[in-house]
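Trainee: We have chain A; now place chain B onto it with these hints.
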Amino acid sequence: MNSTEAIVSAVEAGLGIGFVPLMAKVLAMDQAMGLPFKVSTTTSNFMIGVTAAASAGIYLARGYIDAGIAMPVMLGVLAGSLLDSKLLVKVHVTTLKIVFCLVIVALGLEMIFSGMTGRI
Amino acid sequence: MKAFTDKMRDLSIAKMLRIGVIFSAVLVFFGGILYLRHPLLPTPEYSHFLGETTTLLGIAGVLRGAARLDAGSVIQLGIFFLIATPVVRVAFCMVGFARQKDRLYVIISSSVLVILIYSLIRGRR
Numbered sequence: 481m482n483s484t485e486a487i488v489s490a491v492e493a494g495l496g497i498g499f500v501p502l503m504a505k506v507l508a509m510d511q512a513m514g515l516p517f518k519v520s521t522t523t524s525n526f527m528i529g530v531t532a533a534a535s536a537g538i539y540l541a542r543g544y545i546d547a548g549i550a551m552p553v554m555l556g557v558l559a560g561s562l563l564d565s566k567l568l569v570k571v572h573v574t575t576l577k578i579v580f581c582l583v584i585v586a587l588g589l590e591m592i593f594s595g596m597t598g599r600i
Numbered sequence: 007m008k009a010f011t012d013k014m015r016d017l018s019i020a021k022m023l024r025i026g027v028i029f030s031a032v033l034v035f036f037g038g039i040l041y042l043r044h045p046l047l048p049t050p051e052y053s054h055f056l057g058e059t060t061t062l063l064g065i066a067g068v069l070r071g072a073a074r075l076d077a078g079s080v081i082q083l084g085i086f087f088l089i090a091t092p093v094v095r096v097a098f099c100m101v102g103f104a105r106q107k108d109r110l111y112v113i114i115s116s117s118v119l120v121i122l123i124y125s126l127i128r129g130r131r
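Protein chains in written order, with our numbering: chain A, 481 to 600; chain B, 7 to 131.
Next up, chain A with everything else stripped away, as it sits in the complex (with noise of 0.2 Å):
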């Protein structure tokens, strides 16, 4: 059990999954493979979706997720996915990439902040 732990330990820390490594997967789209910009995105989602899945099984098997604090959180987002799916077409992509450069100016300043006051 113990090796198993440390092996999703290991893929889970590696991975890192959430915000930032869909900022770096996006950004390796874009700017190494000259993909358009919403193929990078919704293509980089898909991604962390399926690795997501993963650890979320380990996460659900364990007790970790709270049914309490879930329900409004899944409610929430799966509005906010239908909103955002309708609007990516009509979306300029220029106004795309001003969003996504002032957060992910935001999320690096996060970053840097925690890493100084030890809050990792």
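To be clear, the hints were calculated from the coordinates, so they are not data collected in a lab.
Hints are not guaranteed to be accurate.
Below, a list of computed lysine to aspartate or glutamate pairs in the DMTMM-like style, where the Cα atoms sit at most 25 Å apart [what the hints assert, rightly or not]:
no.	chain 1	residue 1	chain 2	residue 2
1	B	Lys13	B	Asp108
2	B	Lys21	A	Asp510
3	A	Lys570	A	Asp510
4	A	Lys570	B	Asp108
5	B	Lys13	A	Asp564
6	B	Lys107	B	Asp12
7	A	Lys518	B	Asp12
8	A	Lys505	B	Asp16
Everything numeric in this text was worked out from a predicted model, so none of it was measured.
Mentor: Chain B in isolation, oriented as in the chain A frame:
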């Protein structure tokens, strides 16, 4: 029967995803209504993370609880179906690639599926 195209595969996956997500959302919404049935209870103590009790951890316990219309169990069941949805998507991808006789991608998607199922089964301590 004409060839199984990429578009046919993508459409079947999209339909399955839609059904899976809507089904789990309905379950979670129903569980939310059950959860909020008694609004005059004191606010839950969330400052200390206790996690779920053992009765809700196994799938058998969750199903029994859901049959009793226990709010937490119904929500857990909905979350279980939500987590199962991307796993089933990988399985659909594998079947789709098999029908297209694309051996490389069958190997890739079946490896992903094996890893996912392994983590789901062996995730318990």
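Trainee: Confirm or reject each hint.
Mentor: Hint-by-hint comparison with the structure:
1. Between lysine 13(B) and aspartate 108(B), the direct Cα distance comes to roughly 15 Å. Compliance with the 25 Å bound is thereby established for this hinted pair.
2. Simply put, lysine 21(B) and aspartate 510(A) have alpha-carbon atoms about 29 Å apart, too far for the 25 Å limit, and the pair is violated.
3. Taking the CA atoms of lysine 570(A) and aspartate 510(A), the gap is near 20 Å; set against the 25 Å cutoff, the hint holds.
4. Between lysine 570(A) and aspartate 108(B) the CA atoms are separated by roughly 35 Å; this puts the pair beyond 25 Å, and the hint is violated.
5. As the CA atoms of lysine 13(B) and aspartate 564(A) are separated by approximately 23 Å, the hinted pair is consistent with the 25 Å bound.
6. Note on lysine 107(B) and aspartate 12(B): the hinted pairing holds, with a Cα-Cα distance of about 12 Å set against a maximum of 25 Å.
7. At roughly 21 Å between alpha-carbon atoms, lysine 518(A) and aspartate 12(B) fall within 25 Å of each other, so this suggested pair holds.
8. Taken as a hint, the lysine 505(A) and aspartate 16(B) pair is honoured in the structure, with Cα atoms around 23 Å apart against an allowance of 25 Å.
In summary, the structure is inconsistent with hints 2, 4 from the numbered list given earlier, while agreeing with the others.
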